[in-house]
Every structure is written in C-alpha cells, then in structure tokens.
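Line order of the protein sequences matches chains A and B.
Counting from 162, one number per residue, gives the positions in the first sequence under the working numbering.
Counting from 114, one number per residue, gives the positions in the second sequence under the working numbering.
Check the hints yourself; a few may be wrong.
[Claimed, not checked] Straight line, CA to CA, 27 Å or less: simulated BS3-like cross-link-like pairs of lysine-lysine:
no., chain 1, residue 1, chain 2, residue 2
1, A, Lys279, A, Lys586
2, A, Lys587, A, Lys431
3, B, Lys119, A, Lys431
4, A, Lys911, A, Lys279
5, B, Lys172, A, Lys503
6, A, Lys279, A, Lys705
If you are wondering where the hints come from, they were derived from the structure by calculation, not from laboratory data.
Since the model is a prediction, treat every value here as computed from it, not as a measurement.
Chain residues, written in single-letter form:
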Amino acid sequence: MPASLGSVALGLAFLTSAFAAVAALSATRGPQADRFRLISRRAVYAVCALLSFCVVVLEIAFAGDDFSFHVVQQHSSIETPTFYKLAAMWSSQEGSLLLWAWVLSIVASLSLYATRDKLRDLVPYATAVMAAIATFFTGLMLFAGGVNPFATVDPVPANGVGLNPLLQHPSMMIHPPMLYSGYVAFTVPFAFAIGALVARRVDADWIRATRRFALIAWALLGFGLLLGARWSYTELGWGGYWAWDPVENAALMPWLIGTAFLHSIMVQEKRGMLKVWNACLIVATFSLALLGTFLVRSGVLQSIHAFGDSTVGPYILGLIAVVLIGSTALILARLDDLRSEKRIDSLISREAVFLVNNLLLVGLTAIIFWGTFFPLISELFTGDKASLAAPWFDRYTTPLAILLVLFTGIGPLLAWRRVSWASAKKVFLVPTLVAVGTALALVLLTDAGGSLWALALFVFAAFALTGLAQEFWRGAAARRRLSGGSLPGAMGAMVSRNRRRYGGYIVHAGIAVLLVGIAASSSFQTNRDVELRPGESTEVDGRKVTYVKPTVSVDDRAFTFGSVLRVEQGGETFILRPSRRFFKPTGVETGTIASFFDGEATSEVGLEAGPWNDFWVSIAPDVSAVQRQLGAADRGFRDCIRGVPGAPPQCASLAAMMRAAQVDPSRQADALATISGLQEATAARIAAGYVRDVLPATFRVIVDPLVTWIWIGGLIALSGALIALWPARRARRGVGVGVGSGLDAQKEAKYREIRDAELDHAAGKLSDEDFAILDAELRSEAVEILDREQV
Amino acid sequence: MDPQRKRTVRLVVALSVAVLLAVALVYTSFSASTEAKEPSELANATPGATYEMTGRVVKGSVDRQGEGLRFVVADRDGGGERIPVTYDGVVPDPFRGGREIVLTGAVEDGVFVGERDTLVTKCPSKFTAENAS
C-alpha cells in the first residue's frame, strides 16, 4: 500500500511541476501576471512537499525491510545494518533519481522564496526552467521504464539482495548525497541566468540573487569530492585518493568551471564586464553537472564507478543537448544586450587576474574533458577505443595547477580596477622573499629538489599563504588603527564585516594547503609489496615492520583474516591491524561453507596518519589452504548426507535425519539447523588452522608524505566557504534579506565597493594616489545611481 | 598603436597560443593512449604492444600463486575467445570470478601479462541492468 501512496505522490509531483512551468510562463505578461507568479511559486513548494513525502515513504520502506518495493529488495536486506539501510536509497538508480528531483525541488523552493518580492520580470522564466527540469526528472522515473522507485514485487520476497559490503562505509551516507546536491544546486544559477537572458535583464541582479546558491553548490560538490577522495584513499585498489577515473573527472569538471564562475561573476557584479562569459560558464557548469549524472548512469566509459548500462542514459543526454542548444541560441540572440559596460583598466588589477584564473580553470577543464572522453573521440576517428591513463592527465594538469596556486596568491594582493607598480611592489615584497626562502630551504635541507614540479608548487604555495597571511595581518592592523581593540578582536571584526572577502581568502589558503598535500604525496610516495610470515620483519623507508601474528574470526556474515603489525620508526612504535573480510553472498542460500569466498571481499587498511607521513598498509592473506580445506569439508558433508560408503560413522545419524526431512517437511528446518551448526563449527576449526600454520601474507605498504594536509586543506576551504555564505548581520535582522534587486542592490554593491577600496588603502594595497583616483571614480558612480533613484 | 589594433593583436596571439596548445594536446593524446580491446580482439594483437583489456573474469578460473594471480578473461558479454592472464600487484576488493575488469598489459605467447597495479575492477553497485545479466 505505501508503494501506491508513493506512486501517487510522484505522479502528482510530475503533474504539479508541469503545471508550475506553465503557470510561470503565464506569469511573464498580462494582467494576471502577479497572480500566476504566486501560483507558480506555490506549485513549486507543492512539488517539494510531494517529493519529500516520496522520500519519506521510500526511506520508511528501507528502514522497515518492506521487500514489496522492488528497489528495497534489490538494495537492502534484513541483515543490512540500519544505518546503511537508509543510505541504500541512493545506491540504487531509482533512489538517486528521486534524490535528484527532491534536492532540486528544495533548492528551487528556497531560491523562489528568497526572490519572492524581487526580479518580477526574470523570476517567472527561472521558475519555468526549474519546473521543467523537475518535470523531466519526475517524468523519467515514471515513464522511462525500470527506474520507478515505487515499483513493486509480487509475491513479496522474504529477504533482499542486500547492500554491497563495499558500500557499507560511513562515507556512503554522505558522499553521494553531497555530490548530488552540488550538481543539483547549480540548477538555480543556471535557471536565473536563462531567466535574465530571456527577460533581457542582464545586469548583475540575477547574479546577486543566486550567488549564494552557486557558492552552496560549489561547496557541496567540493565536499563530496573530498569525501570521495578520502573514502577511495582508505580502500584497496581504488587508486588512492585520486585516479583520474571518468566519474571522478565528471564531478571535478563542474566544480572547476563553477570555481571560474564564482570568480568571474564578481567581475560582472563590480565592473559590468564578462557578461557573455558568465552566461557561458553557468551553462557549461550545469551541462557538466548533468553530464556527471549521465556518466555515472550510462556505462559509456570504463570506470570503477560504472554501474552497468541503464535505461535513463539517452534521456539525460537528450536533456543535455536541449540545454546546450537552447542556451547557446539564447546567448547568441542576446549578444547585443550582453555587451560589456567597461573594459579592463590595467593588467595589474584583480579583474585581470580573475580573467587569467578563469582561462586556467577552463583550460584545465578542457584537458580533463578531452582525456575523459578520449575513448569516444578515438573510436570516432580511428575506430578503436583507446584511453588515456593517469600519467597523461598528470602531465597536463600539473603545470596548470601550479599556476593556479600562484594566482590564488596574487589575486588577493591586488585591488580592483588598477594598482600602480609601486604599490604592487610593496605588497609582493614579503611573499616573494618568503617564497625564495622556501625554495632555498627546500633545496638545501630536503630532497624536494628531486621533483621540480613539486618544488615549484611548494614555493608558489608558500608565496600564496604568506600573501594571504599578510592580507589578514594588514587588514586587522589597519582596523585596529581605526577603531582600537586587540589584534584578534580586530581580526574577528574585520572578517565578520567582510565575510565574502575573507571567507574567500580562507578558501584560497585551504586550496593551497590541499595542493601541497597532493604534490608531496604524489611525488614522494614509497610504495612496496612485502611478503612476510608471522614473526618476520622487513624495512620500509627506514621503518621496521614486523608481522607479529595473524588473527582470524568467523561469524555468520564473514570470514575475517587479520594481522597484527608492529611498526617502529625512530623511537616511536605503533600497531596496525589490516584485515580482509570475505562475505557470504547475501540473498542466496548455497549450503556450502566455501561459498564465503564467492561473496564480496573488503579490506580494512591499517592507517597511521601523521602530520608528516601517513603509514598505510593492507593485507592480502594467503587463503588458498583455508579454501582447499573448506572445499574438502563441503565434499565431506555432501558424501555424509548421501550416505556414501566409507563415510565416518557419525554420518549415519545425519543421513538418517536428512532422509526423514525429505519425507516429512516439518522436520526440514531442524535438519538444516543441525547442518549449518556443524558447518559453522567446521568453519571455525578450519579458520583456527590459519592462525596455527605459519602462513605467509602479502602486505602493500605505502608511506605517503603530507597526505593529511589534503583533508585539512579541504576542510579549511570548506570553512572559508561557510564564512562567505554566512548571512551578513543586517540581512539576518531581515532588513536586506541578502538578496537585493534593482537600485537598492546597486547602491548596496557600490557602497561595498567603496568600503573595499578604503580597506585596501588602509591595508597598504593601494597607494594614496591610486586610492584618490579610484575613490573619486567610485563616488561619482555612486552619485549616478542616487541620481537615477531621484528620477 | 591605436587601442583597437592592440586588442586585435592580443586576441590573435592568445588564440594562436590556444590553438598550438590544443594541437599538442590532441597529438600527445593519440600517441600516449592505449588501445582498449576485449579478449576476442586480442587474438591478432601486436606482440609487445600495450593494450587496455576490458572483459569479464571467467568464474572459477582465479588462481592465486604467492603474490601472483592467474585467471581467464572472456568478452564482457561472456562469449568470444578467452585469454589467460597473469597479474602481479594490488588486487582490488571487488575482484572475483564473474566481475568486469580493466587491465593494462601486453600479450606474450598467448598470455596477457598485466602491468603491476593496473587492475581495475568495476564497483559492483547493484543497478538493475547488472542483475539482469
């Protein structure tokens, strides 16, 4: 019954989305426009409520083991831990489509609520775009076939197939939803951009209205990527934290273009430039987000994540085509409206650096795109599918990443519009000195000189981090001169009053730290396979590794072969316990003990993380002897039950029991219980033998420098994004709501620019002459706006 | 130079650099790529050339010998000519008979010799299409 409730809600969500789209289009003109605007907005809220209901119904089914739901039966089981029953929803294609539509309805509702009294000419089109996309995804679930989350199974099976043990990892709970939400949240800026283009409202209002959503999308996608990298790092054979796998690339590309977008919209906001570019970037970001959704589902490219061919691929591809063709046509039709209001004043200015950073990010994305889709490209031209491996990606992305780090440092040091050479020299002095010092120290004191690329990255990161620290220092010092107080207090006040600016700087610092971690760990990794017997030791990268003893345990789900390793490094000793678990296949009763080795296997790696090095070890136990003995035991049982001559005497009673069970079905359960009890005892006995016989095991040992800083850097960047997102104090009191429009917003933006310039001047980024010119310019621009208001 | 002309020159230079870089990218990607083949297509493979083999591990063919691994791979649809494989290095957790793999290596005397640590096993997330097969 719940399934049909869900179906009805989904059907209603589909109809309501379609209605919202139509109502929104009716709201663009005519005497009833205001009414239709309200109706379409409320229809979107209704879609959100309906889809929330769908998600609740599905999660209740997962939590309550309702195997009449096809999707629950296929992705969960009674034995699946409750925590993972809830996550099983998005391990399924149906569930992830529902998640897509649901998150879309949430962000659409939020964005429409935030703009409820604003942008009257533009919002209806944006509503129509978002509602149309919601119609597409709900329609996909209903009509594409095989992907309806509320499809039922009859008769209801007793148990489900279960969630793959590999996916039973805490990250499964958050990594997929984060990525999805990131993809989906980019719909909002995309829809508003389209609305702005259609309504010819191409000033920065749509950007101000959706900047926060773009930043949320960016942060969620980035966090999802970071979680995925972390998860992959702790799994065996997933290629470490990054493997240039197509699906990883698919998530990275919209993130990179989204990064470019977040920078270049500031240029449009402040200078009225780059309008075409911004429109193109957001279309590209959204298309790449759809492409990411498509790649995971399509099986077009070979990937660790490729989940087999699916039915929805062609539809999503169709949507991408519509989005790309439609948007391109629209941008071309509006080229005249999109002309820049100004030109770049000077190459030494923040907007010029933003332009360079944009080109680098787009170039980086183009390279990754080419490499990811190369199998298809090469098939087109040569008839053979050929693919590009990690070294190719590394070769091209490394130099660009290094330049990006440099620019994360340069950008914050420069003011908007123009900076005289003299004041530029002043702000660059200390960071440059620190960079040179770092270079010398690294070459003389460490062996970092062994990799020139890594060395360059370290030096540029030192430059960037010093530059950012200097920004905080000078800003706080200037503030203290103006208003007194302690330095930390001044810094806190400074950050809280300029959240966007300093939040952004913190993101930059986090990215620089993250890239240092990547450069160090990829260039200076030690990676060895060692075969050890219990009691033996070996030396890896100056550390003594001893295989102290094997361990083994058996339960009704899995065989676990573990080990105790002692690692001595310097005066420090730590114990690691890598293990490997072999799971029984779920959902099928094989009746043999050896079937443990037919199911999934998972590795628990041993990891000792530290600020300087991570020590990572996994084990490949030699289980062939155990497997052989289990096979023999299985054969013994079979012979026993069949009553083969020469079987041990105790078999007679067992065989008799089985014969009786065949005649009388009511005794079957007893007989099976007896046998599985015997099987478990046998399994435990054989397992014990694994510990007794001093068997060798192969260990993969990795010593990875500075890996921890990847996670720390990522979290620093995330916290910076949160600071930038946090609403300003005035907005929280409800005066500005944070989403401005029209002259008020322009005034607001101009005041902020003036304040920025004052801050830059106080912090020594702008010389007195530079500031005088800039301030005069800004003030006359402000007066212009005020004049317009008077009219 | 008048500003209009200066901008045109700048644009032309930037575009030429972009085109040059793109050509380099295209050129190296064709030479650096490895051809993807299924086992049945490897019968007439060039000896010594590196291929990226995609296929399905034949159930029951996996044999672990010390650090090494031997198994047989069939085409992804399970048919076609099969090829024996040897491989050293990290074995991903999901690897077992019946799974789809991607492995880089070369053919030597009818045996596909995998390069160390290049074995990729598809994440067996249970989507309907896979269950149907």
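So, going through the hints one by one against the coordinates:
no.	hint	in the structure
1	A:Lys279 with A:Lys586	violated, 44 Å
2	A:Lys587 with A:Lys431	holds, 25 Å
3	B:Lys119 with A:Lys431	holds, 25 Å
4	A:Lys911 with A:Lys279	holds, 19 Å
5	B:Lys172 with A:Lys503	violated, 67 Å
6	A:Lys279 with A:Lys705	violated, 67 Å
Violated hints for the displayed structure, listed by number in ascending order: 1, 5, 6.
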